[in-house]
Amino acid sequence: MSKVISLFYRFLDLLLILLLSGMAIMVFLNVVLRYGFNSGLTVSDEMARYFFVWLTFIGAVVGFREHGHLGVESLVAMFGKRGRVICMILSNLLILGVSILFFWGTWKQLPINISMSAPVTGLSMGWVYGIGFFTGGMCALIALERLVRLVTGRVTDEEVAAFAGEHLSVEKLSERG
1 MSKVISLFYR FLDLLLILLL SGMAIMVFLN VVLRYGFNSG LTVSDEMARY
51 FFVWLTFIGA VVGFREHGHL GVESLVAMFG KRGRVICMIL SNLLILGVSI
101 LFFWGTWKQL PINISMSAPV TGLSMGWVYG IGFFTGGMCA LIALERLVRL
151 VTGRVTDEEV AAFAGEHLSV EKLSERG
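Each residue of the sequence shown is one higher than the one before, counting from 1 in the numbering used here.
Keep in mind the hints are simulated off the structure, nothing from the lab.
Note that beta-carbon positions come from the ideal geometry of N, C-alpha and C, so glycine has one too.
Among the hints, erroneous ones may be present.
[Stated by the list, open to error] Here are the in silico distance ranges between beta carbons for each label pair:
no., residue 1, residue 2, range
1, Ala77, Phe37, 23 to 29 angstroms
2, Arg10, Ala161, 44 to 50 angstroms
3, Val151, Ser39, 57 to 63 angstroms
4, Gly153, Gln109, 36 to 42 angstroms
5, Ile89, Phe8, 21 to 27 angstroms
6, Phe28, Gly153, 15 to 21 angstroms
7, Ile114, Leu90, 35 to 41 angstroms
8, Ala161, Trp127, 38 to 44 angstroms
9, Tyr35, Leu144, 48 to 54 angstroms
10, Gly68, Gly36, 35 to 41 angstroms
11, Ile5, Asn38, 45 to 51 angstroms
12, Val72, Trp127, 32 to 38 angstroms
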């Protein structure tokens, strides 16, 4: 199972690379066309914006998995292991709640977004903002998995130390996947 999960996150990494590359190429090409040839691709501005939205929300999931988001390590580092585990539980409960709220908000907004289309491409805005399903769902699953491991005592000392900002690199955290 961990191989499938690892493969999935490698796919997400590749997707992020493709989205960023596509965004940079479209913007660069449009700048060259505008200033060099007094023309441009109207679709490139719109698609670059949509790529940026997807890049941001997919990157948020990858960052959450790798413990890459901002934290208050200076506060958590003052606690012992038990206090850190309690903080981890509270943090993941809060993240789970917000992720579920984000997923639900995307669901509630979906009928409006589906009915609207992008001005240039005609693409349904449901495709653009539907990324909220992925981000909310994936962050909720990650937080839920962490909560289960915390409550059952299967969290490692390295993860607790990393939560407090101590001696653990992102590479080591991603290896546990």
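Here is what the structure says about each hint:
no. : hint                                 : verdict
1   : Ala77 to Phe37: 23 to 29 angstroms   : 56 angstroms, violated
2   : Arg10 to Ala161: 44 to 50 angstroms  : 26 angstroms, violated
3   : Val151 to Ser39: 57 to 63 angstroms  : 60 angstroms, holds
4   : Gly153 to Gln109: 36 to 42 angstroms : 39 angstroms, holds
5   : Ile89 to Phe8: 21 to 27 angstroms    : 26 angstroms, holds
6   : Phe28 to Gly153: 15 to 21 angstroms  : 51 angstroms, violated
7   : Ile114 to Leu90: 35 to 41 angstroms  : 36 angstroms, holds
8   : Ala161 to Trp127: 38 to 44 angstroms : 41 angstroms, holds
9   : Tyr35 to Leu144: 48 to 54 angstroms  : 50 angstroms, holds
10  : Gly68 to Gly36: 35 to 41 angstroms   : 39 angstroms, holds
11  : Ile5 to Asn38: 45 to 51 angstroms    : 50 angstroms, holds
12  : Val72 to Trp127: 32 to 38 angstroms  : 36 angstroms, holds
In this structure, the hints that do not hold are numbers 1, 2 and 6, in rising order.
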